[in-house]
Every structure is written in structure tokens, then in C-alpha cells.
Amino acid sequence: MIFQIGALGIGAAVALTAMVIGNYLQDRNVVRDSLRQLDGGFENESQRDEELLAPLAQRAFGPVINTLVEAGRRYSPSGYIESVKVKLSNAGETDPKAIDRHLLLRVLGIAAVPFVVLAFWVFNVVPLGGLVKLGAFVISMAILVKGADISLDRKVEKRQHTMLLALPDVLDLLTISVEAGLGFEQALDRVVGAMPGELSDEFSRYLGETAAGASRADALRALDERIGLPEVRAFVMALLQADKFGVSIGQVLRAQADDMRIRRRQAAQERAMKAPVKMLIPMVFCIFPLLFIVVIGPAVINISQNF
1 MIFQIGALGI GAAVALTAMV IGNYLQDRNV VRDSLRQLDG GFENESQRDE ELLAPLAQRA
61 FGPVINTLVE AGRRYSPSGY IESVKVKLSN AGETDPKAID RHLLLRVLGI AAVPFVVLAF
121 WVFNVVPLGG LVKLGAFVIS MAILVKGADI SLDRKVEKRQ HTMLLALPDV LDLLTISVEA
181 GLGFEQALDR VVGAMPGELS DEFSRYLGET AAGASRADAL RALDERIGLP EVRAFVMALL
241 QADKFGVSIG QVLRAQADDM RIRRRQAAQE RAMKAPVKML IPMVFCIFPL LFIVVIGPAV
301 INISQNF
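The sequence shown begins at 1 in my numbering and counts up one residue at a time.
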């Protein structure tokens, strides 16, 4: 009997202790949840105040711009965004939002296509007719749909042409510095300081990557991907092979410098050979008609007056 009473007492004490601990933990959780709600309220108020401090244009057009960019990402063809990222890297764009700006321009251009169709063929806003109107319409469509891509391609082409012209001179100075006894990175640092430009900026980024711990091979491959020139790719592959097989970097640089000078001279000769063909188009359509008017015009007037 005494044992049963003791067991009941111990059970009641344990139950009472568990109830007290449970009530304490429940009250603690309630207090914690209340504090979290208060903190969340303060955070929401702080975030709301920061949003209200933003400019009116950003608050008004920001959601619309984000929606258009998201639409551009969703409905772009497969692989298009990756190709644009490569082109932006080749154009020297380091801003992460550059891809969003490009997609925004592309979406705005495509969205303006129906309005241009209405302006040309429904409301006749453009006072043209016949084939001239059709040509203007086709050109307008091409600009709206492909204008952003064409502009980016032109920017990439201009930057690559600038670096291609500077590459032989940079390699010459790099070769001289290496043959004078400097290491490759030290010689490249000297070239960057002596010859500023787009190519030197890329080499400076290469030096920063190697200083941060990247291997020479990885930094050179990243340099090749950022520039995207076949000549730079050949230069990078030659350096990688020289580093792999233990060939003298000075000899490799000397051969690459000679090859780059030959390629630059051949490119200049190619452009010179294309010049007469390019000049033929404005001569035929702009200069020759005026010459015919000046030479044959008086004879045609005299003949018409006599007969």
C-alpha cells in the first residue's frame, strides 16, 4: 500500500514537473514568436521606408522593367542568353546588369513592331509610297528586331579590331622584356604600364587573376574567352604548350610576334584590295548619274527643243 502511494506521488510529481516545463516552453515560444513578428514588422517598415526614399521613376518603372526583362529571359531562343553573355564579355562589359539592359532593349524593339505596322499600313503616318515605303518598312523592322544585337556585334567588332592592331606591338615589347631577363608575369606587367589600352586592360586582369591564386593556364584560358580573337587564341595555345613541354617562352614569343606582324600586314592588304570594290557602289549610284545629267542633259534639251 505504501509502495503504491509512493509511486502515485512520484508519478504526480513527474507529471506536475512536465506540465510546468511545458507551460514554460510554450510561454517562451509565444514570446519568441511575438518578438519575431515585431522584428519582422520593424524590418518591413524599414524596407518600406527605403522603398519610399527611392526616386519616383524607379518606383514607377522598376516593376515594369523587371517584368520586361523576365519576359525576355523566358521567351528568348535556346542558347541566346549564353551567346549574349559571351558577346558582352568580348565587348568588355563587366556590369552584371548589362545582360538585363540588352534584353530590355530587345523586348522594347519587338514590342514596337505592331505600332510600326499600324503607322505604315493602317494610318499612313509615313508619307511614302510604292517600293520606297516597303523598303523603309523593312529597314524599320530590321532595326527594331535586330537593332540591339547589331549594336552589340558592332561594339564587339570595334573592340576586337582595336586589340588586334595593338597585339603585334604588345608582343614585340613583351618579347624584348622576356629576352632581357624578366619573367613572363613581370614582363607583362611592364607592358601593361608602358602600353595602355583595351588589350593591356585584359592583360592586367590576367595578372590580377594570377595574383589571386589562379594558375597560369586557367588565367590564359579566361583571357582567351574574354577577348574571343583567333590570334589571341593562337597566342594562348602557344604559351600553354610552351609551359607544358618546357619550351623557352622567349622563342615562342618571338615566333608569335613575327606571325602577328605578318597577319597584320596581310589584313591591311586585304582591306586595301576591298577598297575599289566598295568605292564602286557609291560611284555607280551617286556619281555616275550626276555625270550623265551634266554631260548628256544639255544634248537632250537641245534635241527636245529641235524636234
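No lab work stands behind these hints: they were computed from the structure.
Hints should not be assumed to be uniformly reliable.
[Said to hold, decoys possible] When the alpha-carbon atoms are kept at most 25 Å apart in a straight line, the in silico DMTMM-like pairs for lysine to aspartate or glutamate are as follows: (1) Lys87 with Glu179; (2) Lys278 with Asp218; (3) Lys133 with Glu202; (4) Lys155 with Asp224; (5) Lys85 with Glu209; (6) Lys85 with Asp224; (7) Lys85 with Asp189; (8) Lys146 with Asp201; (9) Lys87 with Asp172; (10) Lys85 with Asp95; (11) Lys97 with Asp172; (12) Lys158 with Glu70; (13) Lys97 with Glu82; (14) Lys244 with Glu179; (15) Lys244 with Asp218; (16) Lys133 with Glu157; (17) Lys278 with Asp153; (18) Lys133 with Asp201; (19) Lys155 with Asp201; (20) Lys97 with Glu209; (21) Lys158 with Glu179; (22) Lys278 with Glu93; (23) Lys244 with Glu270; (24) Lys158 with Asp95; (25) Lys146 with Asp100; (26) Lys97 with Glu231; (27) Lys146 with Asp218; (28) Lys146 with Glu157; (29) Lys155 with Glu202; (30) Lys155 with Asp243.
From a predicted model like this one, the values you see are computed outputs, not experimental measurements.
Here is what the structure says about each hint:
Between Lys87 and Glu179 the alpha-carbon distance is near 35 Å, which puts this suggested pair outside the 25 Å criterion. Distance hint between Lys278 and Asp218 is unfulfilled; the C-alpha atoms sit about 42 Å from each other, more than 25 Å. With a CA separation close to 46 Å, the supplied pair Lys133 and Glu202 exceeds the 25 Å bound. Taken as a hint, the Lys155 and Asp224 pair is honoured in the structure, with Cα atoms around 18 Å apart against an allowance of 25 Å.
Proposed proximity of Lys85 and Glu209 is supported: the alpha carbons are some 20 Å apart, at most 25 Å. The hinted pair formed by Lys85 and Asp224 meets the criterion: a straight-line CA distance of about 15 Å does not exceed 25 Å. Of the pairs offered as hints, the one joining Lys85 and Asp189 is violated, with about 28 Å between alpha carbons and a cut-off of 25 Å exceeded. Under the criterion of a C-alpha separation no larger than 25 Å, the hint pairing Lys146 with Asp201 is inconsistent with the structure, at around 30 Å.
Our distance criterion of 25 Å between C-alpha atoms is broken by Lys87 and Asp172, whose separation comes to about 28 Å. Of the pairs offered as hints, the one joining Lys85 and Asp95 holds, with about 11 Å between alpha carbons and a cut-off of 25 Å not exceeded. Annotation: proposed proximity of Lys97 to Asp172 is violated, straight-line Cα distance about 37 Å (limit 25 Å). Between Lys158 and Glu70 the alpha-carbon distance is near 30 Å, which puts this suggested pair outside the 25 Å criterion.
Distance check on the hinted pair: Lys97 and Glu82 sit about 14 Å apart at the alpha-carbon level, within 25 Å; holds. For the given pair, Lys244 sits about 20 Å from Glu179 by alpha-carbon distance, which is consistent with the 25 Å threshold. With a C-alpha separation of about 13 Å, the suggested pairing of Lys244 with Asp218 holds against the 25 Å cut-off. Between the alpha carbons of Lys133 and Glu157 the distance comes to roughly 31 Å, so the proposed pair goes past 25 Å and is violated.
Our distance criterion of 25 Å between C-alpha atoms is met by Lys278 and Asp153, whose separation comes to about 21 Å. Restraint check for Lys133 and Asp201: not satisfied, since their Cα atoms lie roughly 46 Å apart, outside the 25 Å limit. At most 25 Å may separate the alpha-carbon atoms for a hinted pair to count; Lys155 and Asp201 meet this at roughly 17 Å. The straight-line distance between the Cα atoms of Lys97 and Glu209 is roughly 22 Å, inside the 25 Å bound, and the hint therefore holds.
This hinted pair does not check out: Lys158 and Glu179 have alpha carbons roughly 32 Å apart, beyond 25 Å. With a CA separation close to 32 Å, the supplied pair Lys278 and Glu93 exceeds the 25 Å bound. Distance check on the hinted pair: Lys244 and Glu270 sit about 36 Å apart at the alpha-carbon level, beyond 25 Å; violated. Taken as a hint, the Lys158 and Asp95 pair is honoured in the structure, with Cα atoms around 19 Å apart against an allowance of 25 Å.
Proposed proximity of Lys146 and Asp100 is supported: the alpha carbons are some 16 Å apart, at most 25 Å. Between Lys97 and Glu231 the CA atoms are separated by roughly 29 Å; this puts the pair beyond 25 Å, and the hint is violated. Distance check on the hinted pair: Lys146 and Asp218 sit about 34 Å apart at the alpha-carbon level, beyond 25 Å; violated. Only pairs whose Cα atoms come within 25 Å are accepted, and Lys146 paired with Glu157 is accepted, the gap being roughly 16 Å.
Using a Cα cut-off of 25 Å, the hinted pair Lys155 and Glu202 holds, with the two alpha carbons roughly 16 Å apart. For the given pair, Lys155 sits about 33 Å from Asp243 by alpha-carbon distance, which is inconsistent with the 25 Å threshold.
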